[in-house]
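Undergrad: Whenever a hint applies, use it, and build me the whole structure from the sequences.
There are 2 protein chains.
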Amino acid sequence: MNIRSVISSVSRIVVVFGALMLAPAAISLMFGEGDWAAFLLSSAITAAAGVTGVLLSAPKDNRRIGNREGIAITTLGWTACALFGALPFILAGSLSTPADAVFETMSGLTTTGATVLMDVEAQSHAILFWRSFLHWLGGMGIVVLSIALLPGLQIGGSQLFRAEVPGPLPDRLEPRIRETAKRLWGIYILLTVAQTVLLRVFGMSLFDAATHAFGTVATGGFSTANKSLEAWNSPAIDMIVTVFMFLAGINFTLHYRALRGNFKPIQKDDELKTYAGIVLAAIALISLDLLAHSRYSLGNTLRHSSFQVVSLITTTGFTTINYDIWPPLSRAILLILMFIGGCGGSTAGAIKVVRVNVLAKHSIRELKRAVYPRRVTVIRLNGKAVPEEVSSAVLAFVILYLSVFLLSTLAMSAMGLDLMSAVGSVAATLGNIGPGFGLVGPTCNYSAVPAIGKWLLSFCMLVGRLEVYTVLSLFVPGFWRKP
Amino acid sequence: MNIRSVISSVSRIVVVFGALMLAPAAISLMFGEGDWAAFLLSSAITAAAGVTGVLLSAPKDNRRIGNREGIAITTLGWTACALFGALPFILAGSLSTPADAVFETMSGLTTTGATVLMDVEAQSHAILFWRSFLHWLGGMGIVVLSIALLPGLQIGGSQLFRAEVPGPLPDRLEPRIRETAKRLWGIYILLTVAQTVLLRVFGMSLFDAATHAFGTVATGGFSTANKSLEAWNSPAIDMIVTVFMFLAGINFTLHYRALRGNFKPIQKDDELKTYAGIVLAAIALISLDLLAHSRYSLGNTLRHSSFQVVSLITTTGFTTINYDIWPPLSRAILLILMFIGGCGGSTAGAIKVVRVNVLAKHSIRELKRAVYPRRVTVIRLNGKAVPEEVSSAVLAFVILYLSVFLLSTLAMSAMGLDLMSAVGSVAATLGNIGPGFGLVGPTCNYSAVPAIGKWLLSFCMLVGRLEVYTVLSLFVPGFWRKP
Chain A
1 MNIRSVISSV SRIVVVFGAL MLAPAAISLM FGEGDWAAFL LSSAITAAAG VTGVLLSAPK
61 DNRRIGNREG IAITTLGWTA CALFGALPFI LAGSLSTPAD AVFETMSGLT TTGATVLMDV
121 EAQSHAILFW RSFLHWLGGM GIVVLSIALL PGLQIGGSQL FRAEVPGPLP DRLEPRIRET
181 AKRLWGIYIL LTVAQTVLLR VFGMSLFDAA THAFGTVATG GFSTANKSLE AWNSPAIDMI
241 VTVFMFLAGI NFTLHYRALR GNFKPIQKDD ELKTYAGIVL AAIALISLDL LAHSRYSLGN
301 TLRHSSFQVV SLITTTGFTT INYDIWPPLS RAILLILMFI GGCGGSTAGA IKVVRVNVLA
361 KHSIRELKRA VYPRRVTVIR LNGKAVPEEV SSAVLAFVIL YLSVFLLSTL AMSAMGLDLM
421 SAVGSVAATL GNIGPGFGLV GPTCNYSAVP AIGKWLLSFC MLVGRLEVYT VLSLFVPGFW
481 RKP
Chain B
1 MNIRSVISSV SRIVVVFGAL MLAPAAISLM FGEGDWAAFL LSSAITAAAG VTGVLLSAPK
61 DNRRIGNREG IAITTLGWTA CALFGALPFI LAGSLSTPAD AVFETMSGLT TTGATVLMDV
121 EAQSHAILFW RSFLHWLGGM GIVVLSIALL PGLQIGGSQL FRAEVPGPLP DRLEPRIRET
181 AKRLWGIYIL LTVAQTVLLR VFGMSLFDAA THAFGTVATG GFSTANKSLE AWNSPAIDMI
241 VTVFMFLAGI NFTLHYRALR GNFKPIQKDD ELKTYAGIVL AAIALISLDL LAHSRYSLGN
301 TLRHSSFQVV SLITTTGFTT INYDIWPPLS RAILLILMFI GGCGGSTAGA IKVVRVNVLA
361 KHSIRELKRA VYPRRVTVIR LNGKAVPEEV SSAVLAFVIL YLSVFLLSTL AMSAMGLDLM
421 SAVGSVAATL GNIGPGFGLV GPTCNYSAVP AIGKWLLSFC MLVGRLEVYT VLSLFVPGFW
481 RKP
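Protein sequence lines correspond, in order, to chains A and B.
For the first sequence, this note's numbering gives the first residue as 1, with consecutive numbering after it.
For the second sequence, this note's numbering gives the first residue as 1, with consecutive numbering after it.
Heads up, some of the hints might be wrong.
What the hints assert, rightly or not - List time: in silico DSS-like cross-link candidates among lysine-lysine, alpha-carbon distance up to 27 Å:
#1 A/K361 to B/K361
#2 A/K482 to B/K273
#3 A/K368 to B/K361
As the list claims (entries may be wrong) - Sample of chain A residues facing chain B (criterion: CB under 8 Å; computed from the structure):
#4 S11
#5 G66
#6 S363
#7 L367
#8 V371
#9 L395
#10 T409
#11 W455
#12 L472
#13 K482
Simulated from the structure, these hints should not be mistaken for lab results.
Glycine included, C-beta positions come from ideal geometry on N, C-alpha and C.
TA: This is the structure in structure tokens:
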């Protein structure tokens with residue numbers, strides 16, 4: 001492990017992050033609110049810490065960023081941002097304990113959208129902007145952003161890119177990793193601007209439009225209203241958000257190719273087909289269940305079922321209604337969607353559709369092998385054979401994901417949460433969704449969870465956002481050993 | 001597919017099964033009860049159907065029992081036994097609908113122990129004996145029994161053996177499969193007799209002692225009392241049952257070797273170590289949880305926690321207490337145990353400890369590979385390398401198991417069960433446990449489940465008992481095609 005390089009790179013990310021805190025300070029001044037000083041001070045502390053780190057570590061040999069260094073930089077970079085990003089919440093007086101402030105920041109950065117704030121509407125514009133801005137930075141990835149902005153991180157960039165971008169098979173759009181990072185951020189900004197304009201046109205204020213667009217394209221879920229999108233109660237807004245959540249759950253390389261007029265990969269993409277198929281099937285089943293067991297009109301049934309299905313499968317977590325009182329089948333489907341997640345290479349969390357695809361194909365292959373032991377077939381995705389190492393890694397990913405889920409659920413139960421709340425809180429944070437079931441359901445928040453539980457759930461968010469391997473690798477024996 | 005051979009073999013199993021129905025008829029006569037005629041008639045119908053099948057199918061070539069035939073014989077043999085075994089319940093007037101009678105029989109045969117009877121204590125001795133006797137036959141396996149008894153089934157016996165005996169790596173004790181089958185049944189009978197004697201000595205009637213011994217060594221769970229073992233309220237009996245449930249959850253080949261004085265394989269067995277470790281850890285955690293949150297004495301805490309832990313991990317399902325009112329951590333642990341199950345090659349159901357071992361080792365291997373991509377290590381169990389095909393099959397097993405679990409839970413939710421009851425009922429039947437949580441918790445029974453739900457849960461029991469592959473293989477395209 002080249003510790004100097006790691007500290008140096010993490011420090012650079014912290015400097016970038018400190019500079020980004022000037023944005024909410026500007027918002028504060030723009031709205032004439034008093035907490036600009038809190039943001040300016042946080043920015044100064046963060047940037048100073050980052051600069052100190054860069055100066056003290058000064059690696060002798062910049063080129064020695066290997067696999068392990070990439071993993072360490074990503075995990076520690078995110079952890080550092082979650083810690084420094086908590087400063088404004090405390091300095092501005094929004095949250096009083098470190099557990100609360102770090103939970104809220106980690107929830108923002110990891111695009112979870114779970115909140116401990118009792119009254120969102122009582123917060124200043126700057127705080128609300130900061131929460132949504134954290135989503136937006138974490139959605140495409142603060143490390144990827146740093147790669148795009150800082151030349152110093154380019155060496156070893158492909159290691160960092162792999163550690164941060166979701167999905168088992170990250171596509172490179174361009175031979176140079178920095179170009180890929182720039183392209184991805186370009187599409188991301190385009191989607192954000194398009195949605196902001198649409199939301200503004202259909203009745204939101206510009207501030208609400210922009211913050212909700214941040215929360216949508218990052219599949220985050222923080223809202224500026226206590227009742228989330230239910231506060232606007234506008235079918236048009238619900239539909240816009242549904243469409244953009246769906247888009248944000250698609251592999252961004254497909255967006256890029258579509259923008260360049262290349263639609264062939266989209267038509268061929270197995271993951272996209274499965275994703276769309278699951279969404280449609282879930283909407284159909286939940287709609288039938290709601291029509292049979294509740295009193296919504298057909299229009300409202302379709303509106304709320306499609307919104308909640310897309311919101312939970314993309315792990316966004318916006319709500320238009322309290323789905324926790326829906327009939328058992330609908331709730332069971334939503335709980336399963338929380339584990340599936342969006343497509344690899346999107347901003348969505350959880351297990352990801354491509355992995356579900358590999359799992360399904362692997363199981364069917366093995367079932368066939370039990371019948372015909374001598375016929376061995378290869379698993380194919382998008383017409384290409386999936387190497388055995390990849391499917392092996394995918395299977396292990398799912399087991400590790402479920403292991404973290406089970407152990408954390410046990411720990412949350414031990415803190416006194418009832419079983420449904422324990423399951424819901426871990427599923428919702430590990431999958432970077434936000435609202436869960438029970439105590440942490442759509443109408444409640446995480447403020448009632450004990451402090452130690454907030455730290456554990458913050459860890460779950462990080463494990464989920466960095467796709468398990470990146471964080472758990474740090475605990476592999478010998479990881480920190482010198483090369 | 002050699003259909004004639006399949007029908008012929010299934011018919012022979014049915015004949016054996018019909019003959020076994022004479023045992024409860026004898027019990028009925030012994031206790032001077034009136035339902036001996038129902039059992040005699042059922043036996044005659046079953047045997048006649050079997051003999052007709054044998055005569056009509058008369059295969060030209062007895063030797064053509066391959067892999068597919070073995071799978072078909074096992075699945076269809078079990079299904080036939082579950083249907084014919086339901087006759088006495090209907091003819092004796094204990095249960096009125098086919099859904100109820102088949103559910104009860106399947107629950108017996110698959111050693112599940114879930115009941116639809118409202119009042120067990122109102123049943124005749126013959127019916128109670130039949131339920132426990134079904135456990136006992138299904139525990140070691142009706143097909144294995146037939147192999148031991150009938151020379152005609154010996155050809156192709158190894159295929160049948162593999163399809164019925166639980167666990168991914170069935171050990172053969174003897175080169176000839178029929179000898180292995182006999183040895184396994186020998187140990188099984190020895191355990192049953194030993195436990196019967198002990199229970200009799202510590203205060204049970206001989207009838208209760210024998211039926212509970214059947215239910216224990218088969219890890220079944222049917223009791224002769226409505227309140228299960230709580231009715232006796234005897235610490236000695238609880239301890240005897242706990243020990244024998246634990247023994248029944250161990251690979252029977254280890255019992256065999258121990259009886260022959262060979263203790264080396266036992267000391268070396270990774271699965272046994274993990275099994276014992278999980279049991280001890282679960283007892284410790286639940287005891288601490290109960291001491292902190294409920295008012296049991298230390299003695300009762302240890303007694304009930306060890307009994308319920310062993311009862312649920314071995315998928316027996318006897319109860320000494322209503323664990324559904326225990327605090328959340330204890331309930332969460334019990335729910336997880338319901339998925340783990342006992343050791344491969346035991347009578348226990350669910351996923352099995354050896355598979356959990358393989359999953360854990362595979363995940364850790366892949367995690368290490370993420371850190372050191374160039375180092376590839378082999379998974380080892382009991383000092384031997386586990387072939388990649390085996391771990392591939394184990395991973396697929398778990399995914400198929402969870403898929404059946406999820407889809408069945410959705411279906412049960414659609415029938416109006418609340419989420420916890422839906423999860424509990426499927427986990428308890430698929431894992432061959434018996435009592436679940438909620439509506440189907442330890443103090444309730446399955447009579448309130450709608451008829452279609454009973455059929456689905458009966459299917460889950462069969463899928464669980466025959467370890468997923470054997471049943472699902474029948475739906476693989478081309479399975480029924482002629483060779």
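Undergrad: Which of the listed hints are broken here?
TA: Hint check: 2, 4, 5, 11, 13 fail, others pass.
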